[in-house]
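Peer 1: Listed below are the residues making up each chain.
4 protein chains.
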Amino acid sequence: MSTEKQRPQRLRRRLFDILERDLPGDHIADAVHYFLIATVLLSVTGAVLATVPSLALREKWWFHWGEFTALVAFTVEYGARLWVAPEHPLRRQLPPLVARAHYAVTVPALIDLAAILPWLISLTTELDVHALLVLRLVRFLKLARYSSGFNALYLAVRRERYALLSCFIILCAGVLIAATAMYLTERDVQPDKFGSIPEAMWWAITTLTTVGYGDVVPVTTSGRVIGALTMVSGLVMLALPIAIIASSFSEVIAKHNFVVTFSMISRLPPFSDLDAPVLGDILPLLNSRSFDRGHQVVRRGESTAHLFVVLQGRLEMEGETGFRALGPGDVFGLLPGHTKASPVPVRAVVKSKILAIEENELHMLALRHPAVIGRLSAAARDRDADDTG
Amino acid sequence: MSTEKQRPQRLRRRLFDILERDLPGDHIADAVHYFLIATVLLSVTGAVLATVPSLALREKWWFHWGEFTALVAFTVEYGARLWVAPEHPLRRQLPPLVARAHYAVTVPALIDLAAILPWLISLTTELDVHALLVLRLVRFLKLARYSSGFNALYLAVRRERYALLSCFIILCAGVLIAATAMYLTERDVQPDKFGSIPEAMWWAITTLTTVGYGDVVPVTTSGRVIGALTMVSGLVMLALPIAIIASSFSEVIAKHNFVVTFSMISRLPPFSDLDAPVLGDILPLLNSRSFDRGHQVVRRGESTAHLFVVLQGRLEMEGETGFRALGPGDVFGLLPGHTKASPVPVRAVVKSKILAIEENELHMLALRHPAVIGRLSAAARDRDADDTG
Amino acid sequence: MSTEKQRPQRLRRRLFDILERDLPGDHIADAVHYFLIATVLLSVTGAVLATVPSLALREKWWFHWGEFTALVAFTVEYGARLWVAPEHPLRRQLPPLVARAHYAVTVPALIDLAAILPWLISLTTELDVHALLVLRLVRFLKLARYSSGFNALYLAVRRERYALLSCFIILCAGVLIAATAMYLTERDVQPDKFGSIPEAMWWAITTLTTVGYGDVVPVTTSGRVIGALTMVSGLVMLALPIAIIASSFSEVIAKHNFVVTFSMISRLPPFSDLDAPVLGDILPLLNSRSFDRGHQVVRRGESTAHLFVVLQGRLEMEGETGFRALGPGDVFGLLPGHTKASPVPVRAVVKSKILAIEENELHMLALRHPAVIGRLSAAARDRDADDTG
Amino acid sequence: MSTEKQRPQRLRRRLFDILERDLPGDHIADAVHYFLIATVLLSVTGAVLATVPSLALREKWWFHWGEFTALVAFTVEYGARLWVAPEHPLRRQLPPLVARAHYAVTVPALIDLAAILPWLISLTTELDVHALLVLRLVRFLKLARYSSGFNALYLAVRRERYALLSCFIILCAGVLIAATAMYLTERDVQPDKFGSIPEAMWWAITTLTTVGYGDVVPVTTSGRVIGALTMVSGLVMLALPIAIIASSFSEVIAKHNFVVTFSMISRLPPFSDLDAPVLGDILPLLNSRSFDRGHQVVRRGESTAHLFVVLQGRLEMEGETGFRALGPGDVFGLLPGHTKASPVPVRAVVKSKILAIEENELHMLALRHPAVIGRLSAAARDRDADDTG
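Chains as they are written, first to last, in this note's numbering: chain A, 14 to 402; chain B, 14 to 402; chain C, 14 to 402; chain D, 14 to 402.
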């Protein structure tokens with residue numbers, strides 16, 4: 014079973030692989046990855062320290078050289094990502110320029126642009142406006158692209174966005190009520206601190222979030238009683254978002270599922286060369302599972318109700334004649350059209366990612382995209398032929 | 014299967030639908046909904062800013078116009094809700110005036126009244142007492158009516174109200190013990206701050222809730238040791254309510270159940286035209302479940318132990334002759350009187366809400382309200398006849 | 014099936030029932046219960062306010078009368094609890110004086126004693142030492158006796174006491190490390206605040222618990238870096254106990270089990286008249302479950318692996334000839350010696366507490382205490398005879 | 014079945030058992046254990062108090078004697094642990110000196126060394142540099158060796174280290190954004206407090222972690238709005254690590270598994286005398302489970318899919334002819350080569366630790382280390398022979 018790939022535009026393909034860092038064990042991609050992270054960190058640190066007057070960084074020649082290097086690196090990265098955009102499986106059918114325009118309006122691309130724009134402007138117009146400063150630090154957000162943990166956090170927060178919005182409304186109601194009560198109580202005693210509801214709201218938000226600066230505190234007995242009630246309510250204000258995110262997060266983590274990305278799928282024989290619309294239709298149905306070294310994918314005697322496609326890593330299947338190795342692109346488990354999968358145990362040899370398609374999803378897939386199912390069956394049959402032959 | 018409805022009082026019915034915003038895709042209801050939310054936010058903001066002397070909002074003509082508009086909007090809303098109250102399924106059998114009186118004493122109606130009362134009083138009596146200020150901000154609570162996340166939060170807190178009460182007692186005990194200890198330790202050194210136990214309690218509550226203003230701090234060594242112990246206890250004080258709400262909330266969320274409301278049910282053929290007492294008896298037994306696009310309601314080969322009634326959305330049932338669409342009011346799954354449901358897979362095509370009645374609840378229902386079961390069976394038989402015919 | 018009880022000492026028995034408040038719907042017990050709670054709250058409030066010089070409560074005649082009334086009430090309560098101590102099922106075999114001595118050294122009895130002791134001393138010795146003040150507020154802890162939520166909280170904390178101890182050690186290590194680092198950094202700049210490690214520890218504990226008074230803050234750049242690291246570590250310090258208690262609490266709650274008390278058991282026919290050692294041997298094996306109104310105890314068609322004894326409330330069993338009511342002391346489910354329980358559905362009519370004994374526990378019980386099993390079987394047979402006859 | 018052990022070097026073996034404290038009920042090991050804990054606590058307390066000038070501890074003769082005693086105790090402990098290092102099962106095949114070198118570079122050994130090194134240096138060089146102070150307090154970390162709860166905490170934190178890293182990046186981004194916004198807003202009003210971004214970062218970290226010293230607070234209206242947003246974001250910053258650790262911790266606890274240590278295994282007949290490489294290969298596959306007194310290991314009628322090896326404690330197996338006691342080293346449950354285990358119930362008589370090897374792990378073990386499986390089978394057969402004979 015050999016992987017068939019388009020030969021042209023090899024360099025662009027190679028650059029895409031380096032920037033996406035999808036191939037495990039690609040040392041050049043790793044080097045580029047860590048170089049970019051280091052450049053982001055150094056350049057953000059520089060921008061922060063440049064505001065300290067005593068350091069006078071802006072008068073140092075090496076500071077400007079460092080800034081220039083980072084700018085060049087980010088500009089090259091932005092240009093490179095723009096150039097390789099047509100390599101992305103979802104945009105493979107589009108004309109290159111349209112593909113690049115599509116990429117340019119994605120959030121990561123806009124962050125990348127925002128990271129270089131203020132420098133480009135200050136270079137060309139010879140002015141360094143402070144309003145651009147915030148935009149300049151945006152490049153810190155580039156780090157989000159390189160961290161795999163953000164996904165789970167983002168999913169956990171997004172899953173409960175309505176509950177969190179309710180929390181925020183409750184917090185606002187709490188601030189309003191506490192501020193009004195304190196305004197009515199303390200405005201005659203401390204007119205400079207509780208002279209209006211907005212001023213009292215500063216105290217209320219400080220207290221409800223348990224920050225408690227202490228710059229504004231009630232001094233009357235009734236004010237302190239209101240303050241005490243506000244603090245106790247603050248504990249519940251604290252408890253609600255924590256409870257919501259915690260319960261959401263534990264469910265997200267419990268699934269141990271990771272959304273499959275286009276670049277993972279587009280490398281696998283059964284899925285490569287699919288049209289973008291078909292891929293876009295299939296992808297939301299797919300989830301991958303991670304298995305640590307030594308973990309059982311299929312247990313002894315268990316007849317699984319999933320079709321598995323290996324995405325990354327290496328597994329061993331315990332056949333009657335010994336162990337058989339499984340690598341990326343290999344298919345095992347329930348074959349479409351068969352009622353039962355043969356109950357052979359499979360175990361991960363190294364940390365592996367596997368695409369698990371449930372029986373019901375398979376039926377759905379068979380009805381909508383029979384070609385994909387045909388390829389999956391063919392891939393599995395090839396395997397069996399290898400085994401028996 | 015045609016839905017039979019009363020024809021008279023169409024306008025009142027339409028207004029009820031708009032105010033309750035139950036029909037998906039009703040753009041007029043959406044507009045009214047967002048207009049009311051915006052009016053609430055603007056009017057609360059205005060009331061808050063009116064207390065800032067420097068802005069002198071009360072001297073601006075447009076401020077009074079805005080206030081007046083909001084007042085009119087809220088009064089109209091209150092009157093309209095009062096007028097359509099007899100449309101509510103639970104009050105349909107009551108005489109209109111009794112139905113309105115019933116509605117007028119519910120919590121949302123009282124909040125709506127409290128939102129307009131202070132303005133009405135200040136308009137009629139030409140006086141704007143500050144004591145009414147708190148009442149005026151009550152209108153912020155009107156937002157709770159429009160947020161769907163409150164339900165889960167409220168259920169989570171209510172479910173553990175005894176545990177939370179215990180937490181509060183523990184917190185009180187902690188405040189008492191810490192304040193007494195600090196009073197005994199520091200009252201000679203700082204008589205102005207720790208001169209009595211109530212004064213020391215201000216420090217204790219500030220510390221136990223980790224707010225820590227810093228306006229009252231121990232200065233002696235033994236006072237600081239007591240302070241350190243209080244802070245560490247504060248961590249546990251913090252942990253208890255968070256733990257309670259978190260575990261409660263995750264269970265509430267885990268069920269993915271939403272309590273069925275009267276207006277949902279009263280639209281569905283099997284339940285419409287039921288007497289209010291019968292509805293009131295059935296409703297607490299019913300829970301609805303939400304299914305996202307593409308989720309399986311009944312899995313392939315699974316013989317479900319539930320009778321399902323579609324509340325909202327659209328589903329597809331995979332029959333032998335192809336897919337069949339299911340919409341609001343359609344019944345599928347376990348039929349009362351049959352031992353087993355036919356194991357056909359059902360999947361949500363768009364986000365749907367489904368009423369799932371467990372086998373045991375069905376038996377209970379059959380014994381108490383055979384008419385309802387008769388209708389459910391008839392609805393399901395109509396379906397099957399459609400299918401085979 | 015009639016309940017056989019000892020007739021003598023009816024008054025002592027009645028008083029025991031009132032003080033323990035075990036019989037549902039006992040209005041005298043409820044009145045006594047709420048009177049005692051109110052007396053505790055009033056007397057603690059009085060003791061707190063008595064320390065405020067401006068109120069001069071000690072010079073008011075009614076304050077002394079209130080104090081005296083509370084003292085009398087608590088003394089009478091203490092005496093009464095001491096007198097009825099032999100009624101407790103665990104102490105029923107002991108001679109009355111020994112039973113009372115046993116009770117007098119339990120924690121609740123000692124709290125009750127501590128609540129009256131300082132007053133008794135100040136009455137007899139005409140001196141009101143401040144050192145007794147803390148002891149006097151101990152009576153607040155009497156409330157714990159009346160709150161049912163404490164049990165779950167206590168179990169949740171106790172279950173993870175080793176993990177919480179580890180947390181405390183980690184917190185101590187954090188305080189030590191942060192204080193030492195800050196001492197080395199800031200002792201020359203702020204010798205009055207960071208002049209020794211114990212002084213720096215005050216800052217460290219204030220920061221790590223996120224209380225942050227602000228009376229001691231670092232001013233140098235390196236001190237602020239250390240402070241920032243300490244704050245971030247503080248978040249984890251906060252997270253650990255919350256995580257531990259939350260996970261423990263959700264498991265405690267998930268079981269929905271409540272430990273069976275002696276007074277519950279000793280009222281039920283199958284268990285009454287058992288010797289204290291036998292009861293003490295059986296009790297740790299027993300757990301009760303709560304069922305809300307309408308909840309299924311045994312589902313239709315389910316053959317339960319438990320023997321159930323109704324403790325409180327009322328249930329209905331759906332037999333072939335109609336519903337049959339079950340009340341306290343009734344036995345149903347798996348009979349010892351039978352392989353399978355007859356699969357009849359049982360449902361709670363009101364909120365009920367049921368003792369559920371697992372099949373394995375039944376075997377264990379049968380081997381160790383055949384008499385108890387004999388009684389359970391007899392009780393169940395009586396039921397069945399009632400049913401078929 | 015008699016345990017065969019090497020007779021030589023009995024003293025070293027005994028000392029190893031005392032220091033590792035693995036044998037339950039070893040009173041000498043307990044005494045040594047608590048003596049070392051007390052010495053650590055006293056010596057750390059001494060080092061902390063020595064920095065208080067007013068106490069002048071360094072001029073007290075008994076302080077130096079105490080210091081000397083602790084130094085001697087730790088040095089003896091370090092030497093003893095070094096001497097007995099070859100007794101560790103993993104190092105048993107190595108030459109003694111190599112085994113000791115291996116031990117000397119482990120983390121606990123380095124902590125032990127760091128605990129005595131500063132004293133040794135100050136003794137020999139007659140100088141007490143302050144830079145060594147932090148190192149000296151390192152001995153507090155020796156306590157981690159004695160606490161069993163650290164393992165669960167460490168595993169919980171380590172399991173989610175990527176998610177926690179993402180949290181940290183989010184926190185850094187929050188600090189950056191808040192500090193920049195506040196720098197732009199307040200730098201003209203309070204140039205001494207918000208004069209540069211690093212200075213504003215001090216305020217931002219103080220606020221986001223809800224510490225809130227109050228030494229730096231915004232005074233302008235726009236600054237306070239930014240402050241309020243920062244505080245609300247701070248709640249989410251707080252919620253994320255708590256949620257992550259809580260969900261991770263509850264999963265770690267839910268397993269109730271404890272990693273098996275070498276010293277546990279090396280005492281058991283089926284595993285003793287194995288070569289270090291074989292042990293090192295097997296150990297990661299093994300988990301032990303704790304069972305409290307009275308808990309069921311195998312339930313009645315359940316045919317377990319595990320092979321069990323008793324590690325600690327005592328159990329009773331309910332055979333046909335009565336109960337049979339099981340102790341450390343005994344094997345029961347699924348025998349390798351048999352398809353089904355005989356379904357006899359087993360229950361823990363005292364708190365016990367049991368090694369549970371899953372059926373799949375057994376197959377894996379059988380393929381890789383047939384010798385181990387042979388011993389397990391032999392041990393189980395011995396048992397059965399004892400029973401039937």
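Heads up, some of the hints might be wrong.
[As the list claims (entries may be wrong)] With a cut-off of at most 20 Å between alpha-carbon atoms, the simulated EDC-like pairs for lysine to aspartate or glutamate come out as follows: (1) D:LYS206 <-> A:ASP201; (2) B:LYS206 <-> A:ASP228; (3) C:LYS206 <-> C:ASP228; (4) C:LYS364 <-> C:ASP43.
These are computed hints drawn from the structure, not numbers from a lab.
Peer 1: Does each hint hold? Answer for all of them.
Peer 2: For each hint, the structure was consulted:
no., hint, verdict
1, D:LYS206 <-> A:ASP201, "violated (30 Å)"
2, B:LYS206 <-> A:ASP228, "holds (17 Å)"
3, C:LYS206 <-> C:ASP228, "holds (9 Å)"
4, C:LYS364 <-> C:ASP43, "holds (19 Å)"
Checked against the numbered hints above, the structure breaks only hint 1 and satisfies the rest.
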